[in-house]
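Sequence order for the protein chains is A and X. With the UniProt record's numbering, letter number 195 in the first sequence gets 195, and the count goes up by one each step, no holes. With the UniProt record's numbering, letter number 51 in the second sequence gets 51, and the count goes up by one each step, no holes.
Hints in this document: simulated from the structure, not taken from any laboratory. Misleading hints may appear alongside valid ones.
If chains are identical, the list can't say which one is meant, so a pair holds when it fits in one copy or spans any two.
[As the list claims (entries may be wrong)] Dumping the calculated PhoX-like pairs for lysine-lysine here, alpha-carbon to alpha-carbon at most 25 angstroms:
| no. | residue 1 | residue 2 |
| --- | --- | --- |
| 1 | Lys169 | Lys103 |
| 2 | Lys90 | Lys146 |
| 3 | Lys90 | Lys169 |
| 4 | Lys103 | Lys80 |
| 5 | Lys169 | Lys63 |
| 6 | Lys36 | Lys154 |
| 7 | Lys103 | Lys146 |
| 8 | Lys90 | Lys154 |
| 9 | Lys154 | Lys166 |
| 10 | Lys90 | Lys166 |
2 protein chains.
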Amino acid sequence: MEPIKNIPRLCRTLGYEFANQALLDQALTHRSASNKHNERLEFLGDSILSIVISDALYHQFPKATEGDLSRMRATLVCGKMLAEVAIEFKLGDYLKLGPGELKSGGFRRESILADAVEAIIGAIYLDSGIDNCTRLVLDWYASRLKVIEPINQKDPKTLLQEHLQKFRKPLPVYRVVHTEGDAHEQTFTVECVVENLRQAVVGVASSRRKAEQSAAAQVLELINK
Amino acid sequence: MEPIKNIPRLCRTLGYEFANQALLDQALTHRSASNKHNERLEFLGDSILSIVISDALYHQFPKATEGDLSRMRATLVCGKMLAEVAIEFKLGDYLKLGPGELKSGGFRRESILADAVEAIIGAIYLDSGIDNCTRLVLDWYASRLKVIEPINQKDPKTLLQEHLQKFRKPLPVYRVVHTEGDAHEQTFTVECVVENLRQAVVGVASSRRKAEQSAAAQVLELINK
Chain A
1 MEPIKNIPRL CRTLGYEFAN QALLDQALTH RSASNKHNER LEFLGDSILS
51 IVISDALYHQ FPKATEGDLS RMRATLVCGK MLAEVAIEFK LGDYLKLGPG
101 ELKSGGFRRE SILADAVEAI IGAIYLDSGI DNCTRLVLDW YASRLKVIEP
151 INQKDPKTLL QEHLQKFRKP LPVYRVVHTE GDAHEQTFTV ECVVENLRQA
201 VVGVASSRRK AEQSAAAQVL ELINK
Chain X
1 MEPIKNIPRL CRTLGYEFAN QALLDQALTH RSASNKHNER LEFLGDSILS
51 IVISDALYHQ FPKATEGDLS RMRATLVCGK MLAEVAIEFK LGDYLKLGPG
101 ELKSGGFRRE SILADAVEAI IGAIYLDSGI DNCTRLVLDW YASRLKVIEP
151 INQKDPKTLL QEHLQKFRKP LPVYRVVHTE GDAHEQTFTV ECVVENLRQA
201 VVGVASSRRK AEQSAAAQVL ELINK
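Extracted from the complex, chain A is given alone in its bound form (with noise of 0.2 angstroms):
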């Protein structure tokens, strides 16, 4: 296997110098070049961004609601925007795949970027702890931090009411197909139909509210992708 190249760049990109750097080569190794790759520290990356987010947006914003909350954490936190911060720091060249991966053009593929960015982030909190780790994570997400706000995020069933409107389609119909259990722990499977999709698309969740949500929430991804 080559080595990997210009290491110290990455880690000036990053703002970081590893005290074991073996924690660095193992984030940036993808399954399929290795069985000592970075899923595991990926597990452990996932939850660490997820708090240091968390924290950072319920100070920032002391009068949001927990959806709001919640909304913009998930807008954070997803591949999409972990991607974009992998891009940021060019980690396309520093990863290292299996041939297939490298064939296929793997470095470039959303999820192993995402992932190998949570890598990271794990390596860096066992390397030395949390409060070194949300340090860096907030100066890597400083300016998406600075931009976002409770009113841009919208929930999915006001988000799918939006899109059909705009292509003047009839509104989706909700429709609770099944409840089960108690009345202090029902649960909720409803239904959401929209014109011309193909597929039902049913919610499960503990409200009514949760379960239309849950439903509209995956119609939107098969209307988008």
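Following the hints, put chain X in place on chain A, whose structure we already have.
Just chain X, lined up with the frame of chain A:
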């Protein structure tokens, strides 16, 4: 509103004395009871619980795959498990609920109990920081962490297959109904068809395998509810 009863007893059970008692008060307040309710604290607590459990599992199972770690984490942080913790704490006795929720037995509802545990975790985090909070959560989870095993955790496709075999039903059929995007960022929509299940269920993800697991998980939810 009647005063909350015997808060010192709850604090002894939690193993924690709040410097700022108002945080605990807020953590115990459901949105039905007051505008100053526990949902924002729950938002924070959810992420803190995730990193505490992730870190514990990462070190406890040095050989476990990311998949096994994720499944164990999901088991430990799910609503059902959190409600168990709440019941150990007799949290229902301390919750502040609005009249409607009181009447319908909201203090027994799993989601309200689970949310309150997360809110208490968020409150402790704000009251005295991540280290104290980690120590406490690990204490609350000690017996659960002791018994959890990667081997008990099965992925949704395996669980669905076993369920159907148990009832001598045909195996589920997975079918890619849609793919989209360039080779390096494809999205797969997979349908999972199961005999006698009225609804078509689809999973959407960045790989065929993940989309199948997502669809299988939804079918399991429909079957088990």
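How the hints compare with the structure:
For the homomeric pair Lys169 and Lys103, neither the shortest alpha-carbon distance inside one copy (42 angstroms) nor that between copies (42 angstroms) is at most 25 angstroms. Taking the shortest alpha-carbon separations for Lys90 and Lys146, only the intra-copy value of 22 angstroms comes in at or below 25 angstroms, while the best inter-copy value is 41 angstroms. Within a single copy, Lys90 and Lys169 get their C-alpha atoms no closer than 42 angstroms, and across copies no closer than 50 angstroms, so neither meets the 25 angstroms cut-off. For a Cα distance limit of 25 angstroms, the shortest separation of Lys103 from Lys80 inside one copy, 22 angstroms, qualifies, whereas the shortest one across copies, 45 angstroms, does not.
In this assembly of identical chains, Lys169 and Lys63 lie within 25 angstroms of each other by CA distance neither inside one copy nor across copies; the values are 35 angstroms within and 52 angstroms between. Taking the shortest Cα distances, Lys36 and Lys154 sit within 25 angstroms of each other only across copies (23 angstroms), while inside one copy they are farther apart (40 angstroms). Taking the closest pair of Cα atoms, Lys103 and Lys146 never come within 25 angstroms of each other, the shortest separation being 38 angstroms inside a single copy and 44 angstroms across copies. Proximity of Lys90 and Lys154 under a CA criterion of 25 angstroms is satisfied in neither setting, with 31 angstroms inside one chain copy and 36 angstroms between copies.
Proximity of Lys154 and Lys166 under a CA criterion of 25 angstroms is satisfied intra-copy only: 16 angstroms inside one chain copy versus 43 angstroms between copies. In this assembly of identical chains, Lys90 and Lys166 lie within 25 angstroms of each other by CA distance neither inside one copy nor across copies; the values are 37 angstroms within and 50 angstroms between.
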